[in-house]
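One line per chain: the protein sequences are A and B, in this order.
Number 114 in the numbering used here belongs to position 114 of the first sequence; there are no gaps in the numbering.
Quick note: to get the numbering used here, add 10000 to the position in the second sequence (first position is 1).
Incorrect hints may appear among the rest.
Not close to chain B: a few residues of chain A, all C-beta gaps over 12 Å, as computed [claimed, not checked]:
id, residue
1, F2
2, L58
3, D172
Mimicking SDA-like on lysine to any residue, the simulated pairs with C-alpha atoms at most 25 Å apart in a straight line are [claimed, not checked]:
id, chain 1, residue 1, chain 2, residue 2
4, A, K138, B, K10518
5, B, K10229, B, E10201
6, A, K29, B, P10625
7, B, K10622, A, V46
8, B, K10287, B, V10384
9, B, K10518, A, D116
10, B, K10609, A, T67
11, B, K10504, A, F107
12, B, K10495, A, D152
13, A, K32, A, F77
14, B, K10324, B, V10337
15, A, K94, B, F10398
16, A, K94, A, R143
17, B, K10444, B, P10462
Simulated from the structure, these hints should not be mistaken for laboratory data.
Backbone N, C-alpha and C define an ideal beta-carbon position, used for all residues, glycine too.
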Amino acid sequence: MFFHIVLERNMQLHPRHFGRNLRENLVSKLVKDVEGTCSGRHGFVVAITGIENVGKGLIRDGTGFVTFPVKYQCVVFRPFKGEILEAAVTMVNKMGFFAETGPVQIFVSNHLIPDDMEFQSGDMPNYTTSDGSVKIQKDSEVRLKIIGTRVDATEIFCIGTIKDDFLGVINDPTTA
Amino acid sequence: MVRRFDDEEDDDVEEEEYEDEEEQLLDDEDYDLDEDVGRGRGGSSKKRGRSDFIDDLAEEDDEEDEDDDDEVYGGGGGGGGRGGKRHKAPRDGSQFFDLEAQVDSDEEEEEDEGEDGFIVDSGADMPDEDVGRRMRRPLPLREDEQEDVEALERSIQARYARSSHAEYDEETTDVEQQALLPSVRDPKLWMVKCAIGRERETAVCLMQKYIDKGSELQIRSVIALDHLKNYIYIEADKEAHVREAIKGIRNIFGAKIMLVPIREMTDVLSVESKAIDLSRDTWVRMKIGTYKGDLAQVVDVDNVRQRVTVKLIPRIDLQVLANKLEGREVAKKKAFVPPPRFMNVDEARELHIRVEHRRDPMSGDYFENIGGMLFKDGFLYKTVSMKSISAQNIKPTFDELEKFRTPSVKGEGEMVGLSTLFANRKKGHFMKGDAVIVVKGDLKNLKGWVEKVEEENVHIRPEMKGLPKTLAVNEKELCKYFEPGNHVKVVAGTKEGATGMVVKVEQHVLIILSDTTKEHIRVFADDVVESSEVTTGVTKIGDYELHDLVLLDNNSFGVIIRVEREAFQVLKGVPERPEVSLVKLREIKCKLEKKFDVQDRYRNTVSVKDVVRILEGSCKGKQGPVEHIYKGVLFVYDRHHLEHAGFICAKAGSCCVVGGARSNGNRNGDSLSRFGGFKTPPRVPPSPRRFSRGGPPFDSGGRHRGGRGGHDALVGTTVKIRQGPYKGYRGRVVDIKGQSVRVELESQMKVVTVDRNFVSDNVVISTPHRETSRYGMGSETPMRSARTPLHPYMTPMRDPGATPIHDGMRTPMRDRAWNPYAPMSPPRDNWEEGNPASWGTSPQYQPGSPPSRAYEAPTPGSGWASTPGGSYSEAGTPRDSGSAYGNAPSPYMPSTPSGQPMTPSSGPYIPGTPGGQPMTPGTGGLDAMSPVIGPESEGPWFVPDILVNVHKSGDETLGVIQEVLPDGSCKVALGSSGSGDTVIAMPSEMEIIPPKKSDKIKIMGGSLRGLTGKLIGVDGTDGIVRIDDSLDVKILDLVILAKLP
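Same shape as in the complex, but just chain B (with noise of 0.2 Å):
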């Protein structure tokens, strides 16, 4: 309400003025306080918000404008508006008016009698001048008091010394501020509409209009703001004395009026953007132009003619520039803008382009001038007009900043140029407790902490003793401070969300070392907060986080190594080479957790957090503890490594762990191959029968299906079905194919499809290998059988598969078993050989492992006891442990009626190793379930086309496989070319025909199974083959190779 009286009090001056002369009560600020008002009334009331701590500065120009004033209202038939005014609150502000008066009495009479007449007519007419300035003055008065705040200062300090209270608005508190706000019961701004490039003239007009009307116009003031197009604001108390006054105005219509929210009613009047500072060394962008939005830097300022002569990084095409000059044709219209790049003199020069030499007369510079265009140091200089470029909340990147570095010298360019930043940083950047470091003026290099921060103010706690506890300094002149080996964290800026550890401070730029990548990063002190968070920036989006295995859409996998704003960079699972990729969320699929176990080139059990050391490929001699496990392949981090955040991808079979055994020998040697063949032996139902061929590594191989339907991340997981007959199934993925999901139920035996939405892939992963295999295999592997019958089948897999020290047991017994004639193998040697292998990678067997040893020897059935050892080992293997449950699919399933008579076939054997079931009592379950199995397992691994020998009824001839049918047996043209009778043979009528040397092949197992190719060498039980398709040269083992015809 202060401000409504001072209002009142402003009418009331003149009259008051004259009448009470005597009396001095008040002091003498207060009557400048209220003449400033009155003279802002033209503008607007509003100003005593914040005009009274700037009275006493004003004062002097207060007396003329006041006068004006006066004489506007009064002379021009003001009288009338006043009395209106007055009439409201005629009491109130008498009292502070007395004395005003008093003071400039004298002076004042004097200038109204000069101006008197000028008002008058001037006032009748159009007061153009007197208008403009009213208007205008609300804006500007401000910096105008501020400018010469000290000179007003000192002389009104002198000239009312006197008084008492002199003081008196000097301190204007928060409180007294707020008082002057507008309230509820103020009169209301009001926005309307006007026509574009008319806000001054309607103000003016309206005024025009009150002088006129007088107090038929209720509105209380007009602002016209210079830098607001197409509204005016009229204060009013109402929006029907808006309207009122409004009517017959030609320049406003629409009639829209908007009332301003009191909140921002301040904001209306508060001068918000000073004028823009333009001194040399600003920053600045283009906003127009070949070079809109290009980095500037101001050379020059010509105030006067508002033109800037700024510096830039020339845009030019010399090509162009030179046809031009030489009056050729220049296209039109480019269609491009040439790329930022340095102004060359000599390549300039040798497109004959006419180089002058000259030294500019202002500034005695020398400048290339080039067509007109003046370089220097490469750099373009031009002049602009100051509204051609943007001076505000300009923050150049790290980047472009470099580049304007680049041709000057180095240091003194730098640091003049970033200083200026300081000058469009954004507010508020400081918090408590912040390690500063003045960076200007007197205190420079002054390092403290800041204790508080005001608006333009930090106060700091200065490092250095002997000083004031807390120093205030401008926030421009301070700067973060830190100290090399600070951990930090960069919060804004490209490098966003990066920590690492300071290493070098230059300035105020720091060079940091990132955590993750250890590399060095350049930012800027301010852009960066101290943390002790070590993070390596974003560490995760969505639900993959750094280091994470994923899979890929393109069923790649690999390791996220860096997480980037929106994107990975993923280290893909490509042993050959290091291959990144940048892949951006939603082209992962999911993110693969399992933990599985493979066997090094020794074939030692790898499993994650071991150790291993990289034997081949470009990585050789790294080591460090695995990190992932996948398809075989390892990803290996060593920190020593510095590309792919540390990260090492390697094949299984290229490694091995540090520490581990290092058996040898040829079965462990080619241990890769049979490795290769495990993971997808061929489809073939399980037969009783072994043939003749030397150690069968792929007993288990039957049980897995071919081709292992994909690599989709689902197959594997245990699924539920939803919808569909089988909903509320349980099962294990078997394959997928499209949208449709092979499923194994768990409860029925068989194997269905359903459409992939239909299954909900959340139940658990299962990831089985990895959990029982440590201890409890024994005893949970009998009632994994129990709950489901599906299992007993799947235990083979788990035994021998690649572990040729079974096979090498478990062979001759079972060619005994079955096929008197079958060659032995000699058992002991292998199973020797192999057992300390498989055991010192496994130590934690051990224990209940040699007790096995001591029969095992006499015994065939000791082939199972030994299984542990290696099936432990086997256990964990990749293929395995997904694919395992998965893998024992329907085909098999009608022939498991096949397979169970033969069970008690091999109950034999079982009472054979009784003595190893107690005595391993861990994988006693394991044991008891083999002789099952082992039979059953078995089985050659027919593809089609390959030459077999067919016992048939006694006969033994030869035949091409035309067809594997899906239970097992074959269809088989007889006939060593296959030109004969087909008949249909089951697998254990048959027999592969080893092949030999030169002979064209067939692989039936492994990774490269189905090809064909030419066996160009044998080396021991490895064939050498070439690939047809490939021409590739692969060491194969044998077994898997079946000859063509």
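One chain only, chain A, in its complex shape (with noise of 0.2 Å):
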């Protein structure tokens, strides 16, 4: 899910950064910083939508480098439990496949395909119904139904399912 957000962040700025442009140089390194990171309280920052306020900035002693408290706008994105979501098949394996909605990575066990669809192994690993007529294979498009997440500082991990109604495949590559 995504949410829009207000963060803040005490960013460091070498002192060449200074002067006209310094608000810019932040800015700019903000983003190179924040954009895409993860943190197990608010999912992966997709993107900086706006600046709310640059607080007073502390030189550091020693080193020269200045600390701004910035807080900024922020679109995260937090895959939660239950959650239904659709998802880019990335690899398949005859453990499950994973996929991949932005930055999160699914993985959807074995266990968790209907049972009806058998591991072909091959060039192109991929999963089959016995007819044939529904096929995962990498870059298939699937929605699938989150059942657990694993929050790390830097990842979040989700398994999925897609043995339940309405969910599967619902974009095949090889049909587009």
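Make one complex out of these two single chains by using the hints.
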């Protein structure tokens, strides 16, 4: 789920960036530092949408760096248990398949794939129904339900299922 | 003390029951209770401890028993004994007794009469039966009682319903129970050793003795336990009493009498293990024979004959069996036990073993009968004695169960098998708050949460509404419950410590996706607890943690990709192929924590955490952040890579930084080989002279010691000398040879050799480059040089070396300066070409650098001005940092003076770059240094045997280097084949002969230094060389190739 929230961060800026462009430098550094990161609490920071407030800088002893407290608005993405997402399959193996929605990696175990889908190894490993009508392979798009999340400091990992009504392949690259 | 009263009461019974028939104060249970105790006399008065709550149940038996007892004591001359006891507390119990007699008196009297004679007779001789009963009674009593609890209860209820005290004993509180426990004032239990197998006999003897001697024996009771061999218990107040009693008993010897601690007294008489409840489908293990230790499943139990039929995976060697059946010679003792495998009837038939297909008349099942053994579905059905199996605490492992399940139809079989596991699971594994599901009984499939755990019952709060708040469920009917998505930790079993997310729940087997390995693990729900902890099981042994880069014993290195119980799985730093080895803790030398920077294929700087893409090899196309860098090898973490916990080992040169510039061109294309050369440049003293060979990439090479003296982690670290003449000195380890360490002292310009044990290596691990390379370089460098005179020599390493950019710059000017006739190489081109590349990758320096561009062009000195860009990228090179400091080693020391004089001559350049310094403040220090070092650091990298051009006293002759002297000069044998006179030539007087195609060459630098080969082709500045030893074809920079005569 996406959220638009305000976060705060202390930015350290090298003295060489001081000058007219200080603010721009600060913002670009913030964007560089923050976008794409993940925090367990808020999830992935997808994009910074605006700067609320830049506080007073504090010169650090010894280094000349200046620390600015910056408040910024950003869009964060955090998956939740029970959430239904659409994801692109990135890898298929005999244990299941990995899919991604944006920065989040989701694993769908073969136990959570409908029983009638079987793993087919080969050049393009995939899960196929016995009649061959549905096929999950790399780059397929699937709709899945998240049944568990594990939040690390730097990563959110989810386990999903497609063993439920209305879940499964929504777009097959081979047919599209 | 209650018990004591009871005892007394019981003694009083006979008398008082006759005397005080009218008195009915107390209720009937009391009576039973007393009787019970009385009966237990022979066994133990301790019985009381638990007996009062079952008194009413036991009541019926008691009536008879009590009579027996009474008779024994009374009739058998027990009067005296009783008198003795009564003496102690004559009045205590009497009030209880009045009534008890009343109820039963009539019956008793009859019975008394009936049995009187019997008891008297037998009592006089040997009341075997009687005693046997008495001895045994304490043990099975409770069970008997429990068995017909209901029936008894009912009848007793009916019988004593009128009594107002009917409920008296129904509820025994803990307190009351406690009160019955023995205290210090009660008689003690003494453990006495007796002949093995004679425990009962001894007890009987003692009893007989008591009967005969009566009051003389002051013991209270004798206990012989069936399950305890070699010992009997005697209850008495004093040890002396026991001694007295056992005197002369022939089965007792040693007279070692041990006191049973009060606490343990109850244990003596509590029934510990119930008779093993062997039922069908129970898992057992074989105790003896070929199948010793094997798991078996009970198929049938014959309690009468004490035999069990079990199902086993046969361990049968068909060949041996065939031989045997055909009467051939069979090896007497088989050295090995055949591995368990399922019987394959067809195989047996092939060996001409007769297989009969028979129907078992009892069960109606069909069995294959082979040589008298019964098989079904591949399993062996075997009937064994109950004694040869152990049924307690059997915890089949998952694998064993899997095996058992294999041939049979899945599903039903599994459930049955697994459910019996509950019987053996350890106590107390349910905790408050655990989610559980009922797996048996009426409430099956009810989910709930554990509220309270009692002995065997677990109180659960059911999930379903409309049920009582809590339900008590037997532990065995419960199973932990998890839902897919739960994050759990395995707390027992082979996978202990692993964490993961539940993917699937199959009955009470969970399939977990491990956090680390991303593999499926099957575990029992019982072995798992819910946990938010994200570990990978054990992640740490000793100082080493998962994903650490470690140096191993054999100087290889790798990343820990998995931590097992006592070992690590390490992905070795071998880029060619993924090599995983299992490493014990002690095989790890140390953790490598240094941070290096290296250059990728396109000469972009790669540091830890940079995202790189792998361009070559089996993992081509993978990409991910660099986790570790060591010796030019990157460990890249690709989360899509499932093997090796996502780690990929790749050469720096086969990767490119994602988003990094892809500058090209000859110079850069061969950066690798240059880089390689840079790593282990030849050991040649610095020379002021540059010779006419193209771009000399190895100026700094001179600084490095050849062959970096092993890859010991200690090399390059700062150590302190703890012992010996140099005690207290600090220095940098230059080299390690066996036990000795060469340390370059910080305070003196020399390198000393000390014993390794004299060195404390826990001083700062030097990671100088990493720290300084960011911003503060300029200011720090001078400071360093100020600190130690050695450091100036270091700087050159940082500068050009592998950066041909600068070489290009520097060469012309230097050549001009020192060697006027040397060919000019066009500096500008190189410079401009190389420039964007190095800047592109180190954007942080950009702000400082551009200014230098401006003045760059015309002045030769600008070469140095440009250094910063390059130097930085160089700075972090792994070779650099570790060895840089260590590598300004002693051999160069002597040459220092000779270098010094040169310095002035480079002076002229300094003025040439004045603008550069102020403008690039961050690197100013470096720049200032460069001129000084530049000339000095250059130098050919002579190695023995190569052909050189010697300019001596104006002459120019060919010669062959015979030996490189420590001061940098060389012993040269003149003549093109080295047959002439030997002269000593300074490096400045020599020039290497560039090899031509198909010349024999020697490699003067790089990892292949010292090897010989043949130049089989020239490609720009690169030479294609076939190495003699390995016949490998390498592409090397021409500059490091020297012609052989």
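Legend entry - Restraint check for K32 of chain A with F77 of chain A, where alpha carbons must lie at most 25 Å apart: holds (17 Å)
Inset, instruction - Compare the distance between the alpha carbons of K10229 of chain B and E10201 of chain B with 25 Å, and conclude whether the hinted pair is satisfied. - result: This hinted pair holds, its Cα atoms lying about 12 Å apart.
Legend entry - Hinted pair K10495 of chain B and D152 of chain A, Cα distance within 25 Å: The given pair, whose Cα atoms are some 22 Å apart, holds under the 25 Å limit.
Legend entry - Interface-negative label, L58 of chain A against chain B, beta-carbon threshold 12 Å: holds (18 Å)
Inset, instruction - With a cut-off of 25 Å on the C-alpha distance, tell me whether K10287 of chain B and V10384 of chain B pass. - result: Holds, at roughly 11 Å.
Inset, instruction - Would you mind confirming whether the straight-line C-alpha gap from K10444 of chain B to P10462 of chain B stays at or under 25 Å? - result: holds (12 Å)
Inset, instruction - Take a quick look at D172 of chain A and tell me if its Cβ sits farther than 12 Å from every Cβ on chain B, holds or violated. - result: Check passes; 21 Å lies beyond 12 Å.
Inset, instruction - Please work out if K10622 of chain B and V46 of chain A have their alpha carbons no farther apart than 25 Å. - result: Between K10622 of chain B and V46 of chain A the Cα gap is close to 23 Å, so the pair holds against 25 Å.
Legend entry - Given pair status - F10398 of chain B, K94 of chain A, alpha carbons within 25 Å: Cα-Cα ~21 Å, so holds.
Inset, instruction - Would you mind confirming whether the straight-line C-alpha gap from K10324 of chain B to V10337 of chain B stays at or under 25 Å? - result: Roughly 16 Å separates the two Cα atoms, so the pair holds.
Inset, instruction - Starting from K94 of chain A, check that the Cα of R143 of chain A is at most 25 Å away, please. - result: holds (20 Å)
Legend entry - Given hint K10518 of chain B paired with K138 of chain A - CA-CA distance at most 25 Å: holds (18 Å)
The structure is consistent with each of the numbered hints, conforming to all of them.
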